[in-house]
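Enquirer: Read top to bottom, the protein sequences are chains P and Y. For what it's worth, numbering that gives the first Met the number 0 labels the leading residue of the first sequence as 0, then goes sequentially. For what it's worth, numbering that gives the first Met the number 0 labels the leading residue of the second sequence as 0, then goes sequentially.
Treat each hint with caution, since some may be false.
Here are the simulated lysine-lysine pairs, BS3-like style, with alpha carbons at most 27 Å apart [as the list claims (entries may be wrong)]:
1. K443/Y to K32/P
2. K368/P to K100/Y
3. K32/P to K291/Y
4. K291/Y to K55/P
5. K100/Y to K312/P
6. K13/P to K360/Y
7. K312/P to K6/Y
8. K304/P to K100/Y
9. K63/Y to K360/Y
10. K291/Y to K260/Y
11. K265/P to K207/P
12. K312/P to K299/Y
13. K312/P to K43/Y
Derived from the structure by calculation, the hints contain no laboratory data. Computed from a predicted model, the values in this text were never measured in an experiment.
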Amino acid sequence: MSQKPETLYTTLEKEALICARCGYCRTDCPIYKVIGWESASPRGKVSFSREIFAHKQRRDIPEEFVRRLAQCTLCGSCAVACSTTIDLRRLWLDLRQRLAEAGQEPQAYVNLRDTLAAHKNITNFSNDERLEWAQDLDDPESIEPRSGADVCYFVGCVSSFFPQAAEVPLATAQILHEAECDFTTMGGEEWCCGFPLLGAGYADEARKFIRHNVEKIKAMDIHTLIASCPSCYHVWKHDSREVLKGYDLKIQHTTEYLAQLIKEGKIQLNELDEVITYHDPCDLGRNSGIYEAPRAIINSIPGVKFVEMAHNKDYALCCGGGGNLQSVDPENAARIAALRVEEIQATGASIVVSACQQCEQMLTAAIRKENLPIRVLDISQLILEAL
Amino acid sequence: MKTEIVKEILDQYGEQATDSPFERSFYSRDLAPVPELLVGPLFKTLPDIVVRPANTEEVSDILKTAWKYTIPVTPRAGGSTVYFNTVPLHKGILMDLNLLKGVVAVDEAAMTVTVKPATTWIELERYLSGKGLAPKSFPSSTPVATIGGWFSMLGYGIGSLKYGSLLSQVRSIEVVTPEGKARRLTRDTQPSLEWFAAAEGTLGIVTELEVEIRHQTQLKHYLLQCSDPLEMRDKMQAVIKGAEVPFNLHFTDQECLQGMKTLGIAPGGLDHGYLLAVDYEGSDQELEQAEKIIQTITEKNQSVRLLPVETAELEWEEKFKAMRLKRGGPSLLGAEIWLPIKNLPQYLADVRKMSQSYNFKLFSYGHVVTPDYATVMTTFNADEMHTIRYIINLSLVKKLHDIGYRYGGSPYGVGLWNAPMIGRIHQPSELKRLKKIKRDLDGKGTMNPGKVYRAPFILNPLNYALAMDMLAGIRKVFGRGW
Ligand SMILES: Cc1cc2nc3c(=O)[nH]c(=O)nc-3n(C[C@H](O)[C@H](O)[C@H](O)COP(=O)(O)OP(=O)(O)OC[C@H]3O[C@@H](n4cnc5c(N)ncnc54)[C@H](O)[C@@H]3O)c2cc1C
């Protein structure tokens, strides 16, 4: 696993002044690519923030600016490009927090916060139904919460509640069974990881969710946690650090854990005669530094021909599904996905694999729209096919 | 601009045009954070409308409208220049060229690529790399700079020492003249494509370029640590005269190195000496030759240290990140000077004296771009939050240019802010020739008015020099602690 460099972030005001307005951030910004106005570019947004928050040249936060701030997938490509090493992802989160503090956040964020407060997950389902997906397992009860298990699988809201994403936890659980892992889940005690709240500017609310999950993990005496959702993983790995201080918890993305199982020979993979490309989820790749584990898994399947997309790893294009963009601007989210699909198509691959249920959903919709003969699979589904 | 004309363009271009005050405000500045206090009374930098043409016909159509009604047009692509080159001075139409993007064709037999003008260098580099090809040169702002933008500026940067300026690599262009006619130009046409290089968007819009390319080769990086500027200059010249010409030859002075050290970004954690980065590209044979050149230079000179290859590679990887110095700011002011290499030690010595007499830190670095000239950047940290101090500090930019001029240098790029020094950039006869070209092609003066050829009255050379010298005097006496 490559390491993410430490952030140099100071404050919104200072970083907005440090921004050189060079525009390096523009070239790979997915939202700038599809909107095209300077106001949609990271440079434009930072410049405007500088006028409001550093120079205090205006008191109000105009509606158009609020819209632009919400039009961001938090993919972090701007931060990779930044010539002054500004941790721009953090800056966008700060800005969204300012919007929330001013009561000017988009209505979709308010709705999201209310849903989370009521149900502890991003849907309107009761949180007790977290393990509904497991009914399709041979032994659904085997994954009921259990203290002291070697590993806890943090399933995430989308995989838990959205039928089209249920294949991800199902495949993951089956592989873990196959490898004879002693694993469990948090069941109804798993709350949303807090990522959507952080992305909407509600850091304080997010902290409550983080604290709840950490307390439950401690109570269950869990010391290894795996997550298949890159955003959940990111929150556990980075944003829960403070609350986890002093507690020994190994946090891994499922790709890291499964790659290790393959390496140890606990999973045997059979031949697959396929051309496969891999889409790096932003929160797993660029924002967490995990590039090699998923590639190692794909390359360990005999017969597979692996091809990289033109933009990969640090420079991978976003799928459009991050940063709560879909809740405020689904059209542009879909246009971003379409750009990624062009690259997938150019590889000639018959399967695009990813490691994020959200990316997979975005790519599936875009591929379907174009009627392309390309299958979208989660890495766990790919492993299952090769078992 | 009359409302009917704004409406006409809005109706015609739909989502590709805007007159929203919010959207327009983003086009009223470039990289330079020049305070409104200074700009507001002199210029009208907020365009009336921003239009994003998607093809040559649309560019032509918009220019025809502007010509008909004599409306100023300011072209903007990457928007990575600093002299208000892309900022309107008299409102009008801001033409955002960024939809004119993409590779049109690669001709591997002729070793050329034809591109639309707003393709960025990084996009072109990635595209060519997939085919085992590469651009012959690129600016150190490659992640944002566009092919058309660099052609419209001076076009020197990384690779120029070996392959010449961008102009020398451009075989043909398509351009739309101010009255809206699309023309394909070569060196042999009238007008020649050469007229449009470094014209800073004052003669028309370049809508396509055919540029020479090379095969992608291996690179080898060396980093030499010299003890003083004289030695650095001598080694520079020795490298240039070597049998193999480096692809890139970049220097960093000691003050800059120390500034980087403070920010934790100095290569190899170094804090003294003058760094010379020498990067070669080519065949195995050429790289062997290069190795010998570096060996000869370093072996004979005990005082020149060859730094570890990892440090040299890191220096190369960070080649587009010069702006990191801004973290010590928050603002960064500076002067970029086209300077004879032979005078680099004297230039740096005077810069050091200036640094002492004004009591502030000056950081210099640069690229050798021809066998005789380097583009030298000298920068200093400032704080735009203190407006008056900041404005006074701006005068020190002129003082840096004065040092450059003393040693045969001139400003690199003109735009608005260097226009008062146009007499230092061009000989009178050359300036006369350029003005005639401007008159012949743009009789109505609609293309990027107020830039390049002469400074606006308020910034005429005399006023400008007097004002800047006075402010610098104030800075010297009262601003030693700033
Ligand atoms: C960190 C950094 C490093 C830099 N390094 C270099 C360097 O190595 N060498 C160098 O020369 N410069 C350098 N620059 C300055 C600048 O980035 C380059 O000159 C760049 O090529 C400008 O391209 P752009 O697309 O940003 O042009 P813009 O800034 O958008 O425009 C530049 C000028 O060209 C005009 N223009 C743009 N496109 C067209 C067109 N298609 N037709 C007609 N006119 C047009 C504009 O009106 C303007 O006058 C650097 C800047 C930064 C911030």
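Enquirer: Each hint should be assessed against the structure and marked as holding or not.
Expert: Hints, one by one, checked against the model:
Of the pairs offered as hints, the one joining K443/Y and K32/P is violated, with about 35 Å between alpha carbons and a cut-off of 27 Å exceeded. Pair hint K368/P plus K100/Y holds up; C-alpha atoms about 25 Å apart against a cutoff of 27 Å. Restraint check: the Cα-Cα separation between K32/P and K291/Y comes to about 46 Å, which exceeds 27 Å; the hinted pair is violated. The straight-line distance between the Cα atoms of K291/Y and K55/P is roughly 58 Å, outside the 27 Å bound, and the hint therefore fails.
With a C-alpha separation of about 24 Å, the suggested pair K100/Y and K312/P falls inside the 27 Å cut-off, and the hint holds. For the hint pairing K13/P with K360/Y, the CA-to-CA distance comes to about 21 Å; that is within 27 Å, so the pair holds. For the hint linking K312/P to K6/Y, the alpha-carbon distance of about 45 Å lies beyond 27 Å, and the restraint is violated. A threshold of 27 Å between alpha carbons decides the hint, and for K304/P with K100/Y the separation of about 32 Å lies outside it, so the pair is violated.
Note on K63/Y and K360/Y: the hinted pairing is violated, with a Cα-Cα distance of about 49 Å set against a maximum of 27 Å. Proposed proximity of K291/Y and K260/Y is contradicted: the alpha carbons are some 31 Å apart, above 27 Å. Of the supplied pair hints, the one linking K265/P and K207/P is violated, its CA atoms being roughly 37 Å apart against a limit of 27 Å. Note on K312/P and K299/Y: the hinted pairing is violated, with a Cα-Cα distance of about 44 Å set against a maximum of 27 Å.
Pair hint K312/P plus K43/Y does not hold up; C-alpha atoms about 44 Å apart against a cutoff of 27 Å.
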